[in-house]
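Based on the provided sequences and hints, a complete structural model is requested.
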Amino acid sequence: MDKLIQNILICGIGGQGVVLAGKIISLAAFEYGLDIKTSEVHGMSQRGGSVSTHIRFGEKIFSPLIPENKASIILSFDIYETARYTNYFANEKTIIISSNRGKIPSWTSKIKNGLINSGAVAGFLKNNFNFLNLLDDKKIALKLGNIKVSNIVLIGMLSGFTEIKKDTWLNAVEKNVPKKTIELNVKAFLAGRNYYENKIF
Amino acid sequence: MTANSCNIINIDGSSNSDAKASALMTGNEAVASGANKAGVYIAVGYPGTPSSEILPFLAKFKSAIVNWSINEKTALEIAIGASIGFKRSIFTTKHVGLNVASDPLMTLAITGVRGGLVVVTADDPGMHSSQNEQDNRLYAKFAKIAMLEPSDSQECFSFTAAAFDISEKFDTPVILRTTTRISHSRSIVSIQDITQTEGNFNLSPSNSDYISKNKSYIKDIEKFVMVPIYAKKRHKSAIERLKYLADFSNNSGINKIEYGSLDFGIITSGISYQYAKEIIPSASFLKLSFSYPIPDILVREFVKNVRNVVIIEELEPFIQNEISSLGINLKGKEYFPRDGELNLDLVEQGLSGAGFFKNKNTNTRRFNFNMFDDPENIQESLPPRLPALCSGCPHTSVFYALKKLKVPVMGDIGCYTLGALPPLNAMDSCISMGLAFGAAQGLSLSKSSTKKTVGIMGDSTFFHSGITSLIDAKYNSACFTAVILDNATTAMTGGQDHPGTGRNLSLDQSFSNKIDIKKIIEGIGIDEIYTIDPYDYNETYKTLKKALQSDKLNVVITNRPCVLYPKKLNYGKKFEIIKGCLGCDLCLQIGCPSILTSYTLNISGNSNKKLPFIDESCIGCSICKDICVFNFIDEIK
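Those protein sequences? They're chains X and R, same order as listed. If you count the first sequence from 1, position 66 lands on 83 in the numbering used here, and the numbers rise without skipping. If you count the second sequence from 1, position 201 lands on 200 in the numbering used here, and the numbers rise without skipping.
Quick caveat, the hints were computed from the structure, so don't treat them as lab data. Predicted model only: the values in this text are computed from it and were never measured. For glycine and all other residues, C-beta sits at the position ideal for the given N, C-alpha and C. One or more hints might be untrue.
Claimed, not checked - With a straight-line Cα cutoff of 25 Å, these simulated DMTMM-like cross-link-like pairs (lysine to aspartate or glutamate) come out: (1) Lys-155(X) with Asp-614(R); (2) Lys-165(X) with Glu-615(R); (3) Lys-160(X) with Glu-109(X); (4) Lys-87(X) with Glu-379(R).
Said to hold, decoys possible - Simulated coverage check for chain R against chain X, where a stretch passes if three residues somewhere in it have a Cβ under 8 Å from a Cβ of chain X: (5) 174-188; (6) 256-263.
This is how it looks when you write it as structure tokens:
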């Protein structure tokens, strides 16, 4: 049964667009004709806390939550959050699409010593996972004109790892972003998609 | 694989010609669509996670009067009035909000209804965004009223629509109880004519009085005036009603037995059904959708036919106790926790404990990390991420000032509850909505602190239940400083309107019914009122200090809008930490998410010192500039 279910875990920090990413991915899967369930976080945890959205699609889905060790794709907007959710990763073949940057709230470093840095997290991920895609999504987004579309860049890359058609993806992006920003978001999506297409696996 | 035929339902209220139309919806959106389908006339509530998205979605249909109320009690009372006027009404709340509305609920339970009345309570097991995780299924039993528990968005839609019929047929308010994982999960809903859905519950209203069409008002004091002489009769009818509801629970087809293996059976409801169904699809299931009163006949049949039966439910042993009262002892809470949310892993562990399958070695599912990497070590050294106030949040400076002033602060529920967390650490209580001013009065009377007490709450909370306690404070000559953080929205739940904004979901937006907080306070007779701009930290500190030195009850109101709602704000100014900063870390004490620690900047002679820097997420509030007493933060010009 597991083979038929795609489990995508999206993680990041509240306010980074984790809920929006979940909406786009789930709409794409839905329009493709799959059964789908998602679970998102609202309210207090959204204020700068660590947040995740679970997305599951396949022929028939019961639980909206992914069990531990069953996520086949990780989409992460912060490299520290990628490491935080490793207990959801299925195995060394789990596909990881992650920002290579991570944010540390300043007061955190003051109250806690011995924090790991992003380079060490990247090393840990490289040592253990075969399909690690660390992207400088923020730089790519800035080049396109707005850092806010960095999560769409990562979704573009993720899209390549699914059987859902590119047009379906583009449609899902267009339906979920403000009208004025459609062009920019489509560009960001295609930029991310390019990274997938130019990469040899 | 065929594509799902239609992804967007018509929310303009027009009839959908495509009978197979389906949509991907959250539970909340599906509840709203179900209410719309049932022809709800009035929809009211107070925002509260995870219930907040129901009313805004329902308002989009433009078919009903949909409004935020000042609090849950008033909201339910509006719904009751509409029902007395033969109209269908719905009231939405989070679990703790039903406590506020419990006074009208408990007596509505015996008067019954005219137009169908549905109470949606969205519970929050696991307390994602709540102060407790009470199980509101107990309210159904407490009030002796019907309850429905959907397990996905499809059921949210069809059960909500059916709930109005059930309410009218049995002359009862109906509780529709969801949980966070139902309200905030998306799944596919097919928008069919609900009379065509499976388990057509045979619900033509038995009493023509309750058909909600063109009824003009009539008095019925025996039904709605609950003085003892009439209330005694109504209570008897409410008890009598339980028999009919139990009959419906057993025979309507809404509660179903799904026979599988006759060795293993599961009795469950809500989201727990989905977890169990995924883990052990071969078992037999008694799925309780109409979970109060429980279907005693179905339970007896199920335990007679299935050898090992276990109950899976989140939070309280509600089903377990109901079944136990039938004289049937089944296990449930022995295997599944009574606190927190369930999930697939916990359900699997519990079923394993109950002997449904051999103990799985969970280690075999884990992959082996590279020998040099200990994932637990790495997880422990990740930066902890508590939720925090936003960059530019106007609450920041008030809490920083209160921290400096070292006064006891009775707090409340909203974004500003985050002022209790590090690094601000400037709030000492968060118990119930509107607690702050009452608790501030009580704490000051206790004389346990030599300092004047502060009570602090937001604008929406002030309207919700702060006004009454401020009147009480004046009436009883209390002495504390009341701070109202007026950011002109209900921020934590997503920016809903309230009396202070003057707008509402169904109101004509061309005029405003804005109610002025300051005038209310003047009306109470409090004459020492300060209005401050929280972006001016020095003024904020001085004003709070002055208010705290006064031996009178006084009020401080802030006047900066929320940076997220109704629209994201950016003041266009950018700030930087300029050369010369020695890294004293004072600016870190306000907890602004835009001030980060740099690992790359070093100062000569002190190469280990980390210096803060301000990143691009800064919106230019300028609070940090005031905080840095050494003037090392400056605007980038």
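Checked hints:
no.: 1; hint: Lys-155(X) with Asp-614(R); result: 13 Å, holds
no.: 2; hint: Lys-165(X) with Glu-615(R); result: 11 Å, holds
no.: 3; hint: Lys-160(X) with Glu-109(X); result: 32 Å, violated
no.: 4; hint: Lys-87(X) with Glu-379(R); result: 22 Å, holds
no.: 5; hint: 174-188; result: holds (count 6)
no.: 6; hint: 256-263; result: violated (count 0)
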